[in-house]
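Asks: Each chain, written out:
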Amino acid sequence: MTAPAIEGWFTTGPDPTLTGERCTTCTTVYFPPTIAASGFCRNPACSGEEFERVQLSRRGRVWSYTDAQYQPPKPYSAPEPFEPFALAAVELPEGIVVLGQVARGYGVGDLKVGAEAELVVEPEAVGDKLIWKWLPLGSGHVTELGEEADQ
Amino acid sequence: MSARTSGPGVAVAGVGMHPWGKWGRSFVQYGVHAARAALTDAGVAWTDVDLVVGGETVRNGYGGYVAGSTFAQALGWNGARIATSYAACATGAQALDTARARILAGLSEVALVVGADTTPKGFLAPNAGERWDDPDWLRFRLLGMTNPAYFAMYARRRMDLYGATSEDFAQVKVKNSKHGLNNPNARYRKEVAVEDVLASAVVSDPLHLLDICATSDGAAAVILVSDDYARRHGLVDPVRMKAVSTVTPTFPNTVLDMPMLSTDSSGGVEPERTFKESLALAAYEEAGLGPEDVDVAEVYDLSTALELDWIEDLGLCKRGEAESLLRAGDTTVGGRIPVNPSGGLACFGEAVPAQALAQVCELTWQLRGQAEGRQVEGARVGITANQGLFGHGSAVVLTR
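Quick mapping for you: the protein sequence lines, in order, are chains A and B.
Under my numbering, the first residue of the first sequence is numbered 1, with each subsequent residue one higher.
Under my numbering, the first residue of the second sequence is numbered 1001, with each subsequent residue one higher.
Isolated chain A (complex conformation):
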């Protein structure tokens, strides 16, 4: 069984979600889920110190996107030879913009600011760990949702 590349940031399975944290005092939602460890709500008007784990919306709208056509430096692990990959920032209904690589097989031509994207989980480019990715929706490609997570 393959494990997430980072513990506790997203769920796996057919309908994966990012795992956020919600301040129980002011209801502000945070991602990545590192706020409880720091112990204090980042909303300057709030003195909350307790947080609950929440599943973030799976779908959002593309804030922007690009790709990496040159190999990024370490600690990124790139395959040999290097394969370019796309990146997207997606705004979720919670109002959080979250970066992620774009699902394998999709590039900048499949994306547009404002278009819909959905969270999927796929293996990393190197190794067998899993990572969250953004799947462009309505781009003309036909992909069974959840297909990547089943790999």
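Be a bit skeptical, because a hint or two may be false.
Stated by the list, open to error - So the derived list for chain A, only partly shown, Cβ under 8 Å to chain B, looks like this: (1) 31; (2) 35; (3) 44; (4) 70; (5) 74; (6) 79; (7) 87; (8) 100; (9) 116; (10) 131.
Simulated from the structure, these hints should not be mistaken for lab results.
For glycine and all other residues, C-beta sits at the position ideal for the given N, C-alpha and C.
Given chain A's structure and the hints, the job is docking chain B onto it.
Replies: Just chain B, lined up with the frame of chain A:
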């Protein structure tokens, strides 16, 4: 004395640089060269300097971590007060702010602010090691998210929202390369055509190699003095530093910011202004001026497209209209509001702790009418802007 020159401020007595480029020298040598050039420009003796503020560089070992004392020792211990600042790309501005605040408080009269760096070729990368709680390490490890990838996200948004084109971005490079032709401190002094930019390799779509600034070695230094010292020293009609803005973002920061993987949650209500807009606003408020007063701007063109963002963040035109200014030639020297007459990072390359100081050097030469070959005629008010990572950024207003 006009309204422009009244109110609190300090005088810029002298500025200096080491020419940027790969010279194979140490950051200390670069910094000392810039410092001595600034002292000479000011006509100030090193022994008169009572405060040294060094811009820290994390790439140069212990000497870089304690840059203030490194430069002070190299110039010869003179008993000055000392400080070192690190604020990523806003390092130089934060160092200036420290110096200016001490002078305004009456605690110092003559301050040397200096920043210098030697920067490796290629992508800037995190320090070695494995740190699962370090956002800068995580963005590379989990996503392969380089600095140009962030710049490309901003660029792509301009294209999809405002109809910017790759040709527009290339035109920024064309303009800045022309501006830098006669700048003796610029590393790249060569005309570039739109076709050159478009023919260069794509690094991160839509940005080409020539849309993105190189890394470089470089140094810049500024001598700030009190009004009283300026008078006693016979400094007539000096350039004055009217504002140094180093404000943080306000929560929620909803624009994706390097090196973060995500933004704060907007909670359904977008903040009144973005981080970069607030940097400019704080500078204007402190200076008692507005965008309509600005004659010249030096902004952080880490990418060509980013220059267009900054023009709007500084209020020099409305959101989405920077391409119109560029196309009309308004941002070229000789135009309505010249931007990056120095040639910008396009011609200098990035030397992190020096760049915000280099912007102030350029505006000082512009306001004195000494920017030979790139002079903005009659410039009286200039503004700089830059954004460092992790909530750092700055804007400085100079007047004459």
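Asks: Compare the structure with each hint and give your call.
Replies: Hint check results:
1. 31: holds, 5 Å
2. 35: Hint on residue 35 (chain A): violated, closest Cβ of chain B at ~11 Å, above 8 Å.
3. 44: holds, 5 Å
4. 70: holds, 5 Å
5. 74: Residue 74 (chain A) check passes; min Cβ-Cβ to chain B is 7 Å, inside 8 Å.
6. 79: violated, 11 Å
7. 87: Since chain B brings a Cβ to about 6 Å from residue 87 (chain A), closer than 8 Å, the hint holds.
8. 100: Residue 100 (chain A) check passes; min Cβ-Cβ to chain B is 7 Å, inside 8 Å.
9. 116: Violated - the Cβ of residue 116 (chain A) stays beyond 8 Å from chain B, reaching only about 14 Å at its closest.
10. 131: holds, 6 Å
Checked against the numbered hints listed earlier, the structure breaks hints 2, 6, 9; every other hint is satisfied.
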